[in-house]
Amino acid sequence: MNSFTYYSPTKYIFGLDSHNKLGEELKNLKKKKILMVYSSSSKKNGLIDRVEKILEENMISVVEYSGVKTNPTTDMAYECIDLARKNDVDFILAVGGGSAIDLAKSVAVGLCCNSDVWDFYLGKEIEKAVEIGVILTIASSGSESSPNAILTNNDTLEKMAIESDLIRPVFAIMNPELTMTLTSYQTACGITDIIAHCLERYFTNTENVDLTDRLLESIIKSVIKEGKKAVFCKDDVESRKNIMWAGSLAHNNIIGCDREQDWNSHHLEHVLSAKYNCNHGAGMAVIFPAWMRYVAKKHKVERFAQFANRVFDIEINTDNPIETAMMGIEKFEDFLEEIKMPLNFVKLGISDYDIDELVKLNNLNGGKTSGFYALNEDDIREIYKIASKNRL
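One point on numbering: in my numbering, the residue at position 208 of the sequence shown is 208, and numbering is uninterrupted.
Hint data in this document are derived by calculation from the structure and do not stem from the laboratory.
If you're wondering where the values come from, they're calculated on a predicted model, not measured in any experiment.
Any given hint could be a false lead.
[Claimed, not checked] No farther apart than 25 Å at their CA atoms in a straight line, the calculated lysine to any residue pairs in the SDA-like style are these: (1) K11 - K275; (2) K30 - D88; (3) K385 - S370; (4) K275 - W118; (5) K53 - L215; (6) K228 - V209; (7) K347 - Y185; (8) K368 - Q261; (9) K43 - Y6; (10) K360 - G371; (11) K385 - R293; (12) K340 - N71; (13) K229 - G15; (14) K275 - Y353; (15) K33 - N2; (16) K43 - D17; (17) K124 - G366; (18) K275 - Y294.
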């Protein structure tokens with residue numbers, strides 16, 4: 001187990017009708033004028049009207065940006081930052097899922113500097129950010145309490161991340177009922193992303209992390225169990241409670257701060273969603289099993305066998321652990337197929353692709369990644385090949 005310092009300022013307000021506490025939270029923070037970012041779907045289902053009424057009742061002025069789309073871009077961020085500056089806002093409220101929250105985080109950073117917000121995605125240190133809050137409507141990204149944000153550059157199609165405790169939301173309002181308007185596909189994409197966040201932490205070279213191993217395994221098992229219910233019975237609010245809380249636990253890093261982590265699968269998927277604008281969760285359903293199939297034969301097969309044993313109750317074959325590992329991966333793929341997730345490029349909607357181009361877009365330039373198993377360009381090429389035709 002590694003040494004660590006863990007910090008999270010996010011206040012969780014969890015439960016049915018919890019969005020009604022928004023006014024109280026903003027008044028306690030002494031906020032007077034906020035920027036609210038959301039997508040058209042939040043407007044259509046009536047949530048924005050309810051939020052506007054709460055803000056009006058508490059005499060809080062609001063400026064609105066309703067142009068949030070999947071995989072937020074620099075153009076969206078620039079437009080939002082300009083709107084916030086012109087209206088002198090002192091707080092940003094994201095209503096939605098990861099896209100709305102990540103856009104809000106980009107704006108929070110961009111408002112506090114005179115340079116291009118993209119500079120922070122290229123490595124510039126974040127020194128200040130406007131406070132943000134969240135009303136969560138999609139259990140998926142965990143961005144409601146994480147120190148991370150993702151943004152895609154319109155010009156270069158690079159999809160990059162920032163990380164800073166300064167962009168952790170000060171509160172996250174989490175009402176599971178708000179996820180009941182999602183389609184089964186959207187719910188399944190979120191479930192897949194939650195599991196992926198667990199697995200990126202699970203596959204580690206750090207020794208003696210049994211406590212957090214078992215926490216990660218428990219979250220994955222619970223999400224698989226409750227996820228099936230949520231996908232096929234959208235009115236099952238109890239399953240949605242478990243999934244929504246799991247989404248935060250999977251990515252606020254409480255179960256990852258003691259270990260080295262591996263985010264290579266996410267990086268490989270970011271290339272797909274930046275280029276083809278596919279849903280991130282669906283992309284992870286394609287990439288993660290492909291990564292597992294490739295890496296299990298290269299490095300620490302016992303960790304993959306442990307995953308198979310503890311998550312899917314497959315007895316470990318000590319004489320042939322790769323057999324156990326592959327059985328676990330197949331069980332994972334079975335689950336993804338059961339909830340109607342794609343496992344290859346064709347099912348993801350990508351028919352015209354160039355694997356060499358995808359490899360190039362990872363920007364390794366002859367180098368290697370880091371993490372559980374460092375990937376070079378040849379490794380990435382092979383993973384994309386598996387992903388392109390898995391289970392066809």
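Quick rundown of the hints versus the structure:
1. K11 - K275: Status violated; Cα separation ~35 Å.
2. K30 - D88: holds, 15 Å
3. K385 - S370: holds, 21 Å
4. K275 - W118: Since the Cα atoms of K275 and W118 sit roughly 18 Å apart, the hinted pair holds (cutoff 25 Å).
5. K53 - L215: violated, 40 Å
6. K228 - V209: With a Cα-Cα distance of about 29 Å, the restraint between K228 and V209 is violated, given a limit of 25 Å.
7. K347 - Y185: holds, 13 Å
8. K368 - Q261: holds, 16 Å
9. K43 - Y6: violated, 36 Å
10. K360 - G371: The given pair, whose Cα atoms are some 20 Å apart, holds under the 25 Å limit.
11. K385 - R293: Since the Cα atoms of K385 and R293 sit roughly 11 Å apart, the hinted pair holds (cutoff 25 Å).
12. K340 - N71: holds, 21 Å
13. K229 - G15: holds, 19 Å
14. K275 - Y353: Within the cut-off at roughly 10 Å; holds.
15. K33 - N2: violated, 42 Å
16. K43 - D17: Holds: K43 and D17 sit about 18 Å apart, inside 25 Å.
17. K124 - G366: Distance ~24 Å between K124 and G366 Cα, so the pair holds.
18. K275 - Y294: holds, 23 Å
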